[in-house]
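J.: Each residue of the sequence shown is one higher than the one before, starting from 1 at the first, in the UniProt record's numbering.
Watch out, some of these pointers could steer you wrong.
As the list claims (entries may be wrong) - Straight-line distance between alpha carbons at most 20 Å, and here's what the computed EDC-like set of lysine to aspartate or glutamate pairs gives: (1) 133 with 120; (2) 133 with 148; (3) 133 with 122.
Hints listed in this document are in silico derivations from the structure and should not be mistaken for laboratory results.
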Amino acid sequence: MSGPLGTARVLDEGRGPRAMTGVMAIMTFLTVLAAALGLATAGTARLLDRQLAGRLTVQVIEGEPVRRDAAAARVLTTLRATPGVVRATPVSQAELARLLQPWLGSDAGSAALPVPALIDVDIADASDATVAKLTARVRSTSPMTRIDRHERWMSPVGGLMRTLTLVALALVAMLATATAAIVILAARGGLETHRVTIEVMHMLGSTNRQLAWLFQRRIALDALLGGIVGAALALGITALVGTQMAAIGSELAGGAMLRPVDWAMLACLPLAFVLLAILAARVTITRALGRMP
């Protein structure tokens with residue numbers, strides 16, 4: 001009875017799923033979902049940074065259409081001749097009318113409506129100094145211009161994405177801490193439950209190292225089973241949401257799609273939880289057994 005197999009049967013008397021397995025499944029499920037949220041928001045923030053860096057819109061604000069079009073042509077020529085300008089593309093009045101139609105209705109295409117001419121611009125260097133030089137050069141061509149930086153008016157969205165990423169990382173850290181605490185409580189509870197059995201095993205020659213390994217094995221199996229179940233559910237939900245987002249067809253929603261490396265990181269979370277459970281159990285059990293008479 002003092003061998004490892006006999007001792008394992010005494011200490012591991014439970015049959016069927018244990019409460020520890022269910023708790024680990026829930027914790028892993030929540031952790032994987034939080035990590036998926038963090039990775040998705042981080043991907044969206046990266047996409048925004050790539051798309052908005054160096055993107056400008058030049059507005060030629062002129063009420064009279066003929067003067068507006070002439071000024072826009074001069075500005076476009078200046079932009080295309082400016083070093084560092086990668087692309088300068090005018091937005092057609094028909095496109096502007098289509099964009100304004102939800103707000104202005106049928107009047108959006110009216111020639112009497114003072115709609116500015118728009119030019120989309122991509123620049124290689126998005127620094128403030130470069131933008132300031134470009135602004136001065138454009139306004140020397142036509143004073144009736146205004147330059148809007150996409151990065152400036154979309155920065156709140158990027159800030160929100162980064163905040164959500166940090167919140168998700170904080171949730172993962174908090175859930176990992178809570179999981180370690182649960183494992184510690186479970187280990188202590190198991191030791192108290194089997195205190196008499198442990199004393200008998202000591203008298204029969206079992207060492208603290210053997211007993212610690214058996215408790216550690218029990219907790220590791222529970223954590224592994226719960227981790228697999230919880231991670232499978234979370235990954236399934238994540239894949240379902242990703243499929244629905246892909247069906248939207250939005251470029252911004254596409255930025256939230258997880259990359260292969262992101263899926264690999266999520267798949268590794270159950271293993272990380274098992275290792276965390278083993279470490280927490282080993283430290284707790286070793287210390288508790290060392291204090292037993």
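J.: If a hint holds in the structure, say so; if it doesn't, say that too.
T.: These are the hints, each one checked on the structure:
A distance of roughly 17 Å separates the Cα atoms of residue 133 and residue 120; the hinted pair therefore holds under the 20 Å criterion. Our distance criterion of 20 Å between C-alpha atoms is met by residue 133 and residue 148, whose separation comes to about 14 Å. A threshold of 20 Å between alpha carbons decides the hint, and for residue 133 with residue 122 the separation of about 15 Å falls inside it, so the pair holds.
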